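Sequence order for the protein chains is A and B. Just so we're aligned: 65 in my numbering is position 65 of the first sequence, and the numbers increase by one with no gaps anywhere. Just so we're aligned: 140 in my numbering is position 140 of the second sequence, and the numbers increase by one with no gaps anywhere.
None of these hints come from the bench; they were simulated from the model. Some hints could be false.
Said to hold, decoys possible - Just so you have them, the derived chain B footprint on chain A, three or more residues with Cβ under 8 angstroms: (1) 49-59; (2) 77-86; (3) 95-101; (4) 153-162.
Computed from a predicted structure; not experimentally measured. C-beta: ideal position from N, C-alpha, C; glycine also.
Chain residues, written in single-letter form:
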Amino acid sequence: MPIVVKNLTFIYDEGFIFAKKALDNVSINIEEGEIVGIIGHTGSGKSTLVQHLNGLIKPKNPNSVIVDGVDICDAKTNLKEIRQKVGLVFQYPEMQLFEETVEKEVAFGPKNLGISDEEIQMRVKEALEMVSLDFDKYKDRSPFLLSGGEKRRIAIAGILAMKPKYLILDEPTAGLDPWVRIEILKELQSINNKSTTIVIVSHDMDEISKIAKRIYVLSNGCVALNGTSKYVFSQFDKIKELGLSLPQITEILYLLNSKFGEVDYTELDISKAVNEILMALNRKGKWKSKIA
Amino acid sequence: MEIKNSLTIGQYIPTGSIIHRLDPRTKLILVLLFMVMVFLVKSILGYILLFMFILILIVMSKVQIKYFIRGLKPILILIIFTVVLQLFFTRGSPIFTLGPLVITKEGVYLAVFILLRLVLLVFSSSLLTLTTSPMELTNALEYVLAPFKFIGLPSGEISMMMTIALRFIPTILEETDRLIKAQSARGVDFESGGLLKKIKNMVPILVPLFISAFRRADDLAIAMEARCFQVGAKRTHLKELKFGRLDYTFTLIFITVVTTVSLLF
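Build the full structure now, drawing on both the sequences and the hints.
Here's what the structure looks like:
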């Protein structure tokens, strides 16, 4: 199993008045090639958890975070290697931009890994392509003069250029325009299709329901719920109890089901959901003629 | 996290003790007085007495001693450096010789003096900042500086600037931590490497830090103007400071102890 987190507990400012338990006995595993969603509201420990996955925060107990069979806690573990393998895109990653040109910015990661110049140029080109930015058009521009969405893409490309096997994104679409959000999600989907495992942290249920196949719900530092996205979003009461919302599509189908019955409210795919709605209306009979 | 934890500035630990309840002006003035008096003491005995006095105050403040010791960390190198310098480079009657290094009686005295002085200075200033919230502190500063208005010192604006600076220290530290992590995720190795490499590694931290600091300053200025902030306007305080019986009693005891110790020993 590629990334295994077992009984991970983390306390901020341990031993001081402000000590706060951010993670409490969390166990998750991430399989190769899948898209996993981590949801939970602010302060639930999502960001703390993902920072453990590439050793930015070192776990206290051995064997609590294992990447491809390598224990992150082990003193002999080469953290640089782990960080290449597990690419982490921070929340608001455009805040970390600092280079004069887009090309240099994206090249920064691979350069730190000691990769040859020709290889770097190829990777930069490739990475920018993956986020739908034209290399020749953007390479000499200053990252600071770009739009929010472009900046975000460049920051993501900066991690992609390191060719990570696992790509972890902390709220990748926060604070962006709806259109740009959809675009970025599409790009992530196609990156995943090229066999990169993706872990996506979010509190936007619609977004998560669209992209993630499997979901972990964190609450107060514990895994409160986990399973396929269909299963997780069928647990209405639990989700509401945790102070989270449901994807809009689930809410609609759920209401329809309580009115008409026999509606599969776990459907998350929009076109299939439309079918469900039409079938429900059909059964009701009234609209039969109009739909036909 | 590492950076955030090594700083005591602006770290207020509320415990509601007697020391916390004192008027911030009382604390501010007495700490300044204490710092002056520290330099007037001439004997080790005097320092030990002052040290015991400050320890009593620390116990009274109910703030754990480890917070005070943590305040020593940032100046640890300074302390070691000056102590070693005093120890080896003071002329006088030698008591110990090791090759070219000579430790003199006077050197030992001076080293102990400097050590105690620095520790006392750090402890007393920590006592002020750990028991007084930044807001109270700047409020007090405004009062203390108010008499200088006549020579054109804008005490209100100075305290406003202090408030803003103190308010943003934790924010900027948090952001530095974040940037260190974000750039580590991009393969920067902050732990190893020589001095030159370490300086070079600062660029990916400092550039974004400055950019966001400027943006934040802009936002803050707009937010303040939106609430009709005007430089030089006459303002009142949400919490008016008032000296109480506790302040008078405390001041009397404090001044008696400290002046007696510093004048007699």
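Each hint, compared with the structure:
With 3 residues carrying a beta carbon less than 8 angstroms from a beta carbon of chain B, the stretch 49-59 of chain A meets the three-residue requirement, and the given coverage holds. Given as covered by chain B, the stretch 77-86 of chain A passes the check, having 3 residues with a CB less than 8 angstroms from a CB of that chain where 3 are the minimum. Counting residues of the stretch 95-101 of chain A whose CB falls under 8 angstroms from any CB of chain B gives 4; the rule of at least 3 is met. For the stretch 153-162 of chain A, the assignment as covered by chain B holds, since 3 residues bring a beta-carbon within under 8 angstroms of that chain's beta-carbons and 3 suffice.
The structure shown violates none of the earlier numbered hints.
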